Amino acid sequence: MTASGLTVGAETTAPPAARRRRLGASGYLLITLGALAVVSLVRLLTGAEDLTSGGTVGAALTAAAPIAMAGLGGLWAERAGVVNIGLEGMMVLGTWGAGFAGYQWGPWAGMVFGLLLGALGGLLHAVATVTFGVDHIISGVAINLLAPGTALFLSKLYFSTAPGGGQKQSPPVTDAPHVSVPGVSSLLQDVERRHWFLVSDVAGVLRGLTVHVSLLSIIAALLLVATLYVLWRTPFGLRLRSCGEAPVAAESLGVNVYKYKYYGVIGSGAFAGLGGAILAISSSQFRDGQTGGRGFIGLAAMIFGNWRPGGLALGAGLFGYTDAMQLRGSDGVHALLLLLAIALLALAVVQFLARRVPIAVVAAVLGVAFGWWFFASDELPPELVGAAPYVVTLLVLALAAQRLRMPKADGRIYRRGEGG
Amino acid sequence: MGRLTPRAVLLGIAAPLGALVFAALVCAVILVVTGHSPADTVQAMITSGKRPRTFVNSINSATNYYLSAVAVAIGFRMNLFNIGVDGQYRLAALLAAGFAGATFMDSLPGPLRIVLTIAVAMLVGAAWAGVAAILKVARGVSEVISTIMLNAIATYLGQYLLLKLAVPVAGSNNIGTRPITAGGQVPGFAYPGSTSKVYGLVVLAVLVGLVYWFVLSRTRFGFDIRATGMSESAAVASGVSVRRMVLYAMLFSGAIAGLVGMPQLLGSAHSYSLDFPAGLGFIGIAVALLGRNHAAGMALAALLWGVLDNSANSLDVAGVPKEIVAIMQGVIVLSVVIAYELVRRYRVRVEQREVGRALGTTRVPAEVAA
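Residue numbers (our numbering), protein chains in the order written: chain A, 1 to 420; chain B, 1 to 370.
Next comes chain A alone, as it looks inside the complex (with noise of 0.2 Å):
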């Protein structure tokens, strides 16, 4: 799955191509209602309200916007070829400069000044790999060493005497302005107070996503579109793409590849700069050590997404939202141990259709054990929560893998000239 990595194990041979209809809008509506009325069906059944409550709807966009940033970065930079396990570095870069530029000139300000620093996190990887043709592994791993120093060197520098700073933190920040689509928020929380199945979760969703949206979620929410439009829609983002499939066959037909790679990888970093400018602004400042992994979060959701840009922005979703839960208290917490639990089971249902047995039966009995977890205790430690996101990465990685398909030339050494 990367870079000079052994290939031993890899299920190199393609899934049957057959019977797959693709699903319309139409489609993806009803399945969302469909988790939706399970969701809400937990719900009656543990009491747990803040499982659809627009507070945790909005909670988790808000924390969905980083790592979808984060994820983002990835997918640029392995969609041109180039693995960056960086992106956590780029991001701390991305907090700092936001902290720096944000407490002086305002949050705009912060979001150019993360951007342009996470960039420039991306500009160095990409000598690096594209350039030096050092392993990308390597590469990545010295950002994110060299990263969180540089924002800690910069931090006693210039936050330390100013007002309201410190040696770790930056001066408090503005917050972007925030915005909700009016005349809907009192009807909405009228309607979710009353906890009818299913009718008070889709106005608490509602709600979440209408009322109080911080403007940088919604500059998150286009850059997502814009990116699936600019990488799948025009013709410089089928060259990128090419870079990431088949260098030398792209080299044959007269793309420039070192070029491409650049745009891909510094895009990258510009991401994931501003992933981390998200961060420190909607928490008003920038503090030593505030990605808390997030860069890594955000690679994970793009695996989750199949390094597709719908599918990373449903892993940045349900991180965000697992995120959100943990800081809404135990009860919805244990509920979601249900919810895995269900999730498991109906996989096991659909791979036992699809006739793949060995990946059935263990969905099965990891729902089971999950199950068995939820009636056997009362609560669940939130330091376990944290955990979720990389445990289900983890069980995606391990039940569906034969369905994810990452770029053929992923983190492979390229060199202008040298193919076969």
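Worth double-checking, as some hints may not be accurate.
Claimed, not checked - Here are the in silico distance ranges between beta carbons for each label pair:
{"#": "1", "chain 1": "A", "residue 1": "Ala369", "chain 2": "B", "residue 2": "Leu17", "range": "46 to 56 Å"}
{"#": "2", "chain 1": "B", "residue 1": "Val167", "chain 2": "A", "residue 2": "Glu379", "range": "16 to 26 Å"}
{"#": "3", "chain 1": "A", "residue 1": "Gly417", "chain 2": "B", "residue 2": "Gly239", "range": "28 to 38 Å"}
Unchecked claim - Straight-line distance between alpha carbons at most 20 Å, and here's what the computed SDA-like set of lysine to any residue pairs gives:
{"#": "4", "chain 1": "A", "residue 1": "Lys168", "chain 2": "B", "residue 2": "Asp275"}
{"#": "5", "chain 1": "A", "residue 1": "Lys408", "chain 2": "A", "residue 2": "Arg239"}
{"#": "6", "chain 1": "A", "residue 1": "Lys156", "chain 2": "B", "residue 2": "Ser37"}
What the hints assert, rightly or not - Short derived list, chain B residues pointing at chain A, Cβ under 7 Å:
{"#": "7", "residue": "Thr34"}
{"#": "8", "residue": "Phe81"}
{"#": "9", "residue": "Met149"}
{"#": "10", "residue": "Leu334"}
{"#": "11", "residue": "Val337"}
{"#": "12", "residue": "Ile338"}
{"#": "13", "residue": "Glu341"}
By construction, these hints were calculated from the structure, which means they are not laboratory data. Just so it is clear, the structure is predicted and the values come from calculations on it, not from any experiment. Idealized CB from N, CA, C, for every residue including glycine.
With chain A held as given, fit chain B onto it using these hints.
What follows is chain B alone, placed relative to chain A:
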């Protein structure tokens, strides 16, 4: 590459030395730009480095870094990236501390307690690495991704387990496992002029280094590992089971990773608490890269890292943020890998030219990827 011609030796040391010089230059420029004097900074670090206490702490840090580097290097040698050393050693240290501190251990003889503690740590480390190994062997999941995920899971699992195992640490709001009583500790070596002692388990680090060198360069198993790393297809053709090698290499790497926390746990901390150092796994990667996965090279690199880290502690007092050293370390890692690559390309070109001359052809033959 086995020939020790003067040119080979020169090329071998050119890369690390060049990287060190380059990193020092970058840091000097950063210091000048931010209004500090590089000379004063170096002076402050040298003054601090001369203190016996700094020396002892440097050796101790280097011990940890070295073990971590060896754990990483086992994987590197066969192209396997164990990014998860970090999670493996933290989980191992926590569980070993809980085990060693348990009351039933107090009645056992001292050496047995120490051996058991170390064994538990190695088992936990190997088990945590084993998850990644099984995922790779059975499902083809990249070990880079799975170990990154396992690192994060270890962090949260560690927090949870610590709360379960913890007793309050007297006089602070820190929490830790029940302290290991006298018999289960490993005494250190005193060093004149310093109150802190050199970890007793520095011996273990040396031993691990020797075993690493012996196994890799003098046994069939080590040969298989290196062969797999250099050319997987050639290894398979000569009858090596890559799956088995991946499993073993990952388990050994995890077992050594389990040792990383031991010198500190048994030598000075005596319990695992919230402030147990994190991030040693990533330092191990840096040290292994700088030392080129070579037993002696990594020892030098670990010492360098230890000295840099510990003499930096005086910098904050001198008015220079001590993170300048972290920047320097990052630049060293990045520039050393670039330098190795440049040297490799240069070597290939020189060899091609020699071959061309020997064959009497004027044109350089098509490049053979090394």
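Evaluation of the provided hints:
no. : hint                               : in the structure
1   : Ala369/A with Leu17/B: 46 to 56 Å  : holds, 55 Å
2   : Val167/B with Glu379/A: 16 to 26 Å : holds, 23 Å
3   : Gly417/A with Gly239/B: 28 to 38 Å : holds, 35 Å
4   : Lys168/A with Asp275/B             : holds, 18 Å
5   : Lys408/A with Arg239/A             : holds, 14 Å
6   : Lys156/A with Ser37/B              : holds, 17 Å
7   : Thr34                              : holds, 6 Å
8   : Phe81                              : holds, 5 Å
9   : Met149                             : holds, 4 Å
10  : Leu334                             : holds, 4 Å
11  : Val337                             : holds, 5 Å
12  : Ile338                             : holds, 5 Å
13  : Glu341                             : holds, 5 Å
In terms of the numbered hints stated before, the structure departs from none.
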